[in-house]
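Visitor: Here are the chains, one letter per residue:
Number of protein chains: 4
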Amino acid sequence: MSNILGKNITVTLFGESHGAYVGACLDGFPSGIKIDFDYLEKQMNKRKAIGKISTPRNEEDKVEFISGIKAGISEGSPITLLIKNNNVRKKDYEKLENIPRPSHADYVAHIKYGGYEDKSGGGHFSGRLTAPLVACGALAMQLLKEKGIKIGTHLKKVHGIEDRDFVDIEKDIDKVNEIDIAILEEDKKDKILKEIEIAKDNGDSVGGILETAIIGLEVGIGEPFFDTLEGLLAKAIFSIPSVKGIEFGGGFEMCDKYGSEVNDEFIIVDNKVKTKSNNSGGIQGGISNGMPIIIKTAIKPTPSISKIQNSVNLDKMEECELQIAGRHDPCIVHRARVVIDSIIALVLLDLLKEHRGNQL
Amino acid sequence: MSNILGKNITVTLFGESHGAYVGACLDGFPSGIKIDFDYLEKQMNKRKAIGKISTPRNEEDKVEFISGIKAGISEGSPITLLIKNNNVRKKDYEKLENIPRPSHADYVAHIKYGGYEDKSGGGHFSGRLTAPLVACGALAMQLLKEKGIKIGTHLKKVHGIEDRDFVDIEKDIDKVNEIDIAILEEDKKDKILKEIEIAKDNGDSVGGILETAIIGLEVGIGEPFFDTLEGLLAKAIFSIPSVKGIEFGGGFEMCDKYGSEVNDEFIIVDNKVKTKSNNSGGIQGGISNGMPIIIKTAIKPTPSISKIQNSVNLDKMEECELQIAGRHDPCIVHRARVVIDSIIALVLLDLLKEHRGNQL
Amino acid sequence: MSNILGKNITVTLFGESHGAYVGACLDGFPSGIKIDFDYLEKQMNKRKAIGKISTPRNEEDKVEFISGIKAGISEGSPITLLIKNNNVRKKDYEKLENIPRPSHADYVAHIKYGGYEDKSGGGHFSGRLTAPLVACGALAMQLLKEKGIKIGTHLKKVHGIEDRDFVDIEKDIDKVNEIDIAILEEDKKDKILKEIEIAKDNGDSVGGILETAIIGLEVGIGEPFFDTLEGLLAKAIFSIPSVKGIEFGGGFEMCDKYGSEVNDEFIIVDNKVKTKSNNSGGIQGGISNGMPIIIKTAIKPTPSISKIQNSVNLDKMEECELQIAGRHDPCIVHRARVVIDSIIALVLLDLLKEHRGNQL
Amino acid sequence: MSNILGKNITVTLFGESHGAYVGACLDGFPSGIKIDFDYLEKQMNKRKAIGKISTPRNEEDKVEFISGIKAGISEGSPITLLIKNNNVRKKDYEKLENIPRPSHADYVAHIKYGGYEDKSGGGHFSGRLTAPLVACGALAMQLLKEKGIKIGTHLKKVHGIEDRDFVDIEKDIDKVNEIDIAILEEDKKDKILKEIEIAKDNGDSVGGILETAIIGLEVGIGEPFFDTLEGLLAKAIFSIPSVKGIEFGGGFEMCDKYGSEVNDEFIIVDNKVKTKSNNSGGIQGGISNGMPIIIKTAIKPTPSISKIQNSVNLDKMEECELQIAGRHDPCIVHRARVVIDSIIALVLLDLLKEHRGNQL
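Protein chains in written order, with numbering that gives the first Met the number 0: chain A, 0 to 359; chain B, 0 to 359; chain C, 0 to 359; chain D, 0 to 359.
Any given hint could be a false lead.
The list treats identical chains as interchangeable, and a pair is accepted whether it falls inside one copy or across any two copies.
Said to hold, decoys possible - Capping the alpha-carbon separation at 27 Å, the derived lysine-lysine pairs in DSS-like fashion look like this:
| hint | residue 1 | residue 2 |
| --- | --- | --- |
| 1 | K83 | K69 |
| 2 | K146 | K6 |
| 3 | K144 | K61 |
| 4 | K315 | K144 |
| 5 | K61 | K41 |
| 6 | K275 | K199 |
| 7 | K83 | K61 |
| 8 | K188 | K47 |
| 9 | K149 | K271 |
| 10 | K271 | K6 |
| 11 | K33 | K315 |
| 12 | K33 | K83 |
| 13 | K174 | K275 |
Keep in mind the hints are simulated off the structure, nothing from the lab.
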């Protein structure tokens, strides 16, 4: 396993879905920062299960800091935070022990860790591990906001229903960051919620595409040849469970176009260099070019469904049927958006530190 | 800059497009391996400019080893290789010096490196840097092949023209690794070549999608939470110039499906656990599951086109027109496929070493 | 700050002396290991304050595992452990706030972290941080023992009083690992204890030299050119507070000898290659040679003394006198020996993993 | 092997003693720096074999830059440099092939790399690898000098003959950096040279202690808990062949003293905080405190001696005698001093970048 993200500012992630705690240690964070606990709570809330379209497992997700912060101010030493797993029901998982859930990590974990891995709720592979990530991300985001950097993500598409693109990007970022379900168009929100409920009622699940915009990032962030801004963001985002694709700017669609159609010509606006279009998604040569960074992330349908599925009993090495009990999300796309924002914030803060040092 | 890829087996990449050499240092490669120079040359040839659909810049790309290999056998010490830049024409670039080419790294490099960066042919940001990557990758691939791991990539799509999917994967991998232009269907090859030629004749360019398959990789490769197999492959692949998107298995298309449609149910075949479908693309929970790994990579149209474009003069800070001289590829998708294979081989070898140690 | 040790098996260390907890996260530890909690407790006890020669601050140092272990067996996921700080007396330190203690980290921390660092008891710079290190080290040591590797450290010298050298190394290692105060000669133990008590009675402190022996390590561990066995051990050991020197084998004394006097000639014993002497301290070219590894570590006198000292008031920028209150150790050499064993075990386990992979 | 040093500014080292080249790739070095080639040559000369007290192998050691520098100015891309091995005499080593030289890396390399390692002149383990280190170090040192940081090393002791300590540190640093044989006292120089000649005449060798002083480093450099300034310097310095011990400030001698004797009391000088004594060697808590950094490094006698020694034939697994042919240094202490300065400069530059970012 390798549970450390980052180079100069690092996150070490730990815990299991049905263990005592999930948590993280954020190292290299600057001292003297007054933590905005209201903002932290707001970010944590965005990740919470909501009403009918989420798991009935309801976690308080109160973040407890056990090192690195004194009187609400960062000390420079590593910041360790714990989130208690209150709502644990290990027995839901007992009968699953040797029957891996399709498209989950159960089977690979069983082979790699010899059956010793915690199986309850996916153990260390659970989406629950994203809770401490969001907490760390909130601290990173607070710093970025002070530097004029804004990050926002909306549900571009869920099971075929598409939200509009970002248009007035700063305004749209502000908007999605203030709402529970990050969909820009009200009528699309209704349709998407309905789509999720249908899946739920059928014991099924749906996935979607998250679109993220980042503004305010200076020109020059990213360290090619190998530590490109795209590469570092992609590596971080792929660690979020259920992510199966990522594209920047024009992405896959550019493959049907001519260079002359998608090249981003340079212009001067207010004595600053900009590009007329932004098919590069704000990144050229692996380095930020000052334009909004645009990322699309594909989230597969939640693999936990209550429909009967085929699987195998690994002890007996024979095929069998499986009906997953436990409490599951028919869709995690709306909860994942703040996870993506958070992990992006951590990557950017780390790169900013490499660029600017401790003065950030 | 950060020009080091990998953790236990590393590649340090160096050189500029129109400098004396491009090269790389491969460290951690096991000792006692008899290098297959014929295979190395074969791989280098796949990256070479071909006929009408590539740049007229023709480089011999002879790989010279200056450390780590004695009498054709690896010594255990770092393997350094150089590739001479013979066909250098710096004067093509002189007039461009302060007018960044749209969708190239010119502008960001100018800001980040203060104008001191080598501008000729994109300098260190040039696709030419992928030549030493292919050379290192050939060494890695040779080791992987001995362990029964095969990697192959074909042009799934170029400017809207689609090749068929991989079907009989092992056979298809073998096939694409034996042909110059890696397209599975003969008639599609003709159409694609024609498409590229049209772009060229118009002073324009096209992009495409590369599909990669990997077979023979054991279950258990990948180090979550953060060093997932998807994440490490994505980070490496995004360092290849012009890559703007990546997806694994069902990727973005799964966002329109139900979980019950795309979950990969487990079955037993020949007393081995397999999955009926492979929408996970061979990776679950960030770890290989023994099924073929399937990756799609989006390559944008080559940004260098000879059509007149708008840009800005960075010295005068005024808008201007730009016509790019120099010798350019109307399409790099067919040349990029071996680059993708190579960088994947390097990532896999590094992960195998983490998994198995020096015995690999 | 950089609180991560290791490459493939890592320790992330956190906490402050008078915060809620000190703790650590051990990542990459293999799954399926039944933790020997008795051994863990035994190791923790070796670090504890003992009788008259240590601080009156008495900590229970109970290790609480909050992730990575289930039913006493490692799961493969990161192992997080917490040690509660019970015996906290922040008020001892209040008056010190802006008067740095001589030869402590107070002053540099004040400058580097802008006064936001936790000052009580040295905060994150406290020797208390070595408690979780010993806990992680006990887990590493348990694995090493199973592979036939033994590590032991004795007090070679305290304030001028010298213990004898290791003679029958395996027996001596076994002996020191079974006793509270790791001194080989009984009469020297009495003298050393007396020396410490004198220092204590005078409000003063003493330091000493710890000698460590490692046996059972196979030939070939260490990764030159830069990750030599000496270098990695030294880097780790220098992170232990108060360490100011380290030498391997003949060390500094060899500087007065001829090569012909200190070269380790090869011989064959029981059909195995050995060296006649061991001035290399078991390491040649940065790689273990199969002979016992011999390390000497210099521990300076504990900087906390109750004698009045000169210092400066950083707020007023004026010189002043300082009398340190709080509870302090007149000597930490006897407590440090298990810290050195522990951090060595962590370094060796990490290198073994690089060498052997997950099969260790 | 692990041939990469550093985190944000890295050196990748390659080559073998009797291969085509030794060289290095320096990555992360800032752009826009006009390289001082005279200074580079001056530094390279300090490492050269001198007269009677060194090996007759005479290498021109001309540094050829093949990437990262254009018109004498750094471009921001990785700087690769090569040094040709002209004076190669592989045949000197042919008969040695399976008889390891005592206290050399021959035996461990043979086991670790299976006999495939380059054996001539120690291959990749040769002191010759320090030539490219000195070249990279010269570039780092040039930057440090511009920031007011000075580094100097003298031969504190050779085979029992002691030079005086640094007294007026800045003046002494300037002095040793201008002389060939870095000994502060003229009469000690004569004695030491004589001592080396005697060793040489006897087919023997001597070692010594190098003392290094660093001034001008700001308060706050070093990243505890694990990346302490002592630890990072020690790790780097132990990678230099023949180093067997290191101490900072009072080092091992403090073990005989009371805390009250060696604690560094704070005083105010010119409105700046200083310490009255400097037993901490300029480092407290792993962080620079603004006082001169004082390091002592133990260099063992050169293991290559021409006296007949006992060894074993690894093929036949039988004991035998060995007389080492080849051309060897009876002492490397005088040549090693610039190697230590160079590697220290690289470590400091890397830490400065972590502290200050690209503005350094």
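Visitor: Please go over all the hints and tell whether each is borne out by the structure.
Guide: Outcome of the hint check:
In this homomeric assembly, K83 and K69 come within 27 Å of each other (Cα to Cα) both inside a single copy, at 21 Å, and across copies, at 17 Å. For the homomeric pair K146 and K6, the shortest alpha-carbon distances inside one copy (21 Å) and between copies (25 Å) are both at most 27 Å. In the homo-oligomer, the alpha carbons of K144 and K61 lie at most 27 Å apart inside one protomer (23 Å), although the nearest pairing across protomers, at 41 Å, exceeds that limit. In this assembly of identical chains, K315 and K144 lie within 27 Å of each other by CA distance neither inside one copy nor across copies; the values are 54 Å within and 33 Å between.
For the identical chains of this complex, K61 and K41 are intra-copy neighbours only, at 11 Å inside a copy versus 35 Å across copies, given an alpha-carbon limit of 27 Å. In this assembly of identical chains, K275 and K199 lie within 27 Å of each other by CA distance solely across copies; the values are 24 Å between and 43 Å within a copy. For the homomeric pair K83 and K61, the shortest alpha-carbon distances inside one copy (7 Å) and between copies (20 Å) are both at most 27 Å. For the identical chains of this complex, K188 and K47 are intra-copy neighbours only, at 18 Å inside a copy versus 50 Å across copies, given an alpha-carbon limit of 27 Å.
For the homomeric pair K149 and K271, the shortest alpha-carbon distance inside one copy (20 Å) is at most 27 Å, but the shortest distance between copies (41 Å) is not. Taking the closest pair of Cα atoms, K271 and K6 never come within 27 Å of each other, the shortest separation being 32 Å inside a single copy and 34 Å across copies. For the identical chains of this complex, K33 and K315 are inter-copy neighbours only, at 25 Å across copies versus 56 Å inside a copy, given an alpha-carbon limit of 27 Å. Taking the shortest Cα distances, K33 and K83 sit within 27 Å of each other both inside one copy (24 Å) and across copies (25 Å).
Taking identical chains as interchangeable, the C-alpha atoms of K174 and K275 lie at most 27 Å apart only when both belong to the same chain, with a minimum of 25 Å there against 43 Å between chains.
Hints 4, 10 from the list above are not met by this structure, while the remaining hints are.
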